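> Go ahead and model the full structure; you've got the sequences and the hints to work with.
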Amino acid sequence: MFQFDLIKAMESVGVVLTSTQIQQFCRFEELLIETNKVMNLTAITNPSEIAVKHMADSLSCYKDTRFPPGAALLDLGTGAGFPGIPLAILRPDLKITFFDSLQKRLKFIQLVSQEIGLADIHFLHGRAEELAHQAAYRERFMIVTSRAVARLNVLTEWALPYLSLGGTFISLKGAKYEEELTEAATAIRILGGSVEEVCPVCLPGISDKRAVIYIKKRKTTPGKYPRKPGLAMKKPL
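Going by the working numbering, 231 is the number at position 231 of the sequence shown; the sequence numbering is gapless.
These aren't lab readings, by the way, just hints derived from the structure by calculation. Predicted, not measured: the structure shown is a model, and the values here were computed from it. A couple of the hints might just be wrong.
Under the rule of at most 27 Å between Cα atoms (straight-line distance), these lysine-lysine pairs were calculated in the DSS-like manner [claimed, not checked]:
1) K216 with K63
2) K224 with K234
3) K235 with K63
4) K219 with K234
5) K219 with K8
6) K209 with K95
7) K63 with K95
8) K209 with K219
9) K176 with K235
10) K216 with K234
11) K95 with K37
12) K104 with K228
13) K228 with K216
14) K63 with K176
15) K219 with K95
Structure representation (structure tokens):
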């Protein structure tokens with residue numbers, strides 16, 4: 001049963017849900033499975049796996065001290081709403097902007113938000129490399145999150161321009177996180193960041209290595225970054 005698996009999975013990452021939050025997660029899971037039949041949102045369709053690999057994994061990044069009350073958060077490359085929706089359920093005070101290059105994904109997140117009663121959320125459609133040069137978004141967010149989007153040396157160029165000084169980029173990474181950290185060292189430095197903490201993650205029933213990487217923005221990102229669309233992927237810093 002999804003509800004039982006959800007509670008158990010959340011406990012493994014140190015999160016205790018209220019009855020209302022459990023109901024919200026259950027409805028989210030129903031909508032995810034239902035919509036996935038007509039829209040490619042996830043390859044994971046088993047409810048117990050959704051509880052662990054999507055819901056709990058998304059909140060493996062959560063620490064009270066990393067999420068100040070009312071903080072503006074950008075969920076970069078949100079996809080089906082991970083980790084943004086779980087964070088919004090857990091912390092409704094956060095001002096979360098869901099950012100994706102596909103409008104249909106954002107429409108799904110909007111549907112979920114209406115169904116489960118999420119407030120103070122916003123939607124951003126476009127390319128990360130382009131919108132980061134607009135004053136309305138550049139250095140406007142205290143937190144940027146990203147999960148399963150790109151390698152860290154690419155992600156850093158996309159994410160750090162959106163962070164305000166002193167803000168934190170939170171990257172949820174898989175088995176190759178140590179390798180990615182090494183290759184991203186130059187990019188992180190150039191873009192004004194520094195690695196503050198790396199936290200290995202253990203999820204129930206999953207043997208793969210995972211970690212959450214916290215990168216602090218120490219300096220203003222040079223104005224020429226991010227470069228034109230595609231360059232970060234073709235020629236990482």
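> Each hint: holds or not?
Going down the list of hints, with the structure as the test:
1. Annotation: proposed proximity of K216 to K63 holds, straight-line Cα distance about 15 Å (limit 27 Å).
2. With a CA separation close to 17 Å, the supplied pair K224 and K234 stays within the 27 Å bound.
3. A threshold of 27 Å between alpha carbons decides the hint, and for K235 with K63 the separation of about 34 Å lies outside it, so the pair is violated.
4. Between K219 and K234, the direct Cα distance comes to roughly 25 Å. Compliance with the 27 Å bound is thereby established for this hinted pair.
5. Pair hint K219 plus K8 does not hold up; C-alpha atoms about 40 Å apart against a cutoff of 27 Å.
6. At roughly 31 Å between alpha-carbon atoms, K209 and K95 are farther apart than 27 Å, so this suggested pair is violated.
7. With a CA separation close to 17 Å, the supplied pair K63 and K95 stays within the 27 Å bound.
8. Distance check on the hinted pair: K209 and K219 sit about 31 Å apart at the alpha-carbon level, beyond 27 Å; violated.
9. Taking the CA atoms of K176 and K235, the gap is about 20 Å. The hint holds against a cut of 27 Å.
10. Pair hint K216 plus K234 holds up; C-alpha atoms about 25 Å apart against a cutoff of 27 Å.
11. A C-alpha spacing of about 30 Å is found between K95 and K37, which places the hinted pair above 27 Å, so the restraint is violated.
12. Between K104 and K228 the CA atoms are separated by roughly 24 Å; this keeps the pair inside 27 Å, and the hint holds.
13. The straight-line distance between the Cα atoms of K228 and K216 is roughly 24 Å, inside the 27 Å bound, and the hint therefore holds.
14. At most 27 Å may separate the alpha-carbon atoms for a hinted pair to count; K63 and K176 meet this at roughly 23 Å.
15. Under the criterion of a C-alpha separation no larger than 27 Å, the hint pairing K219 with K95 is consistent with the structure, at around 23 Å.
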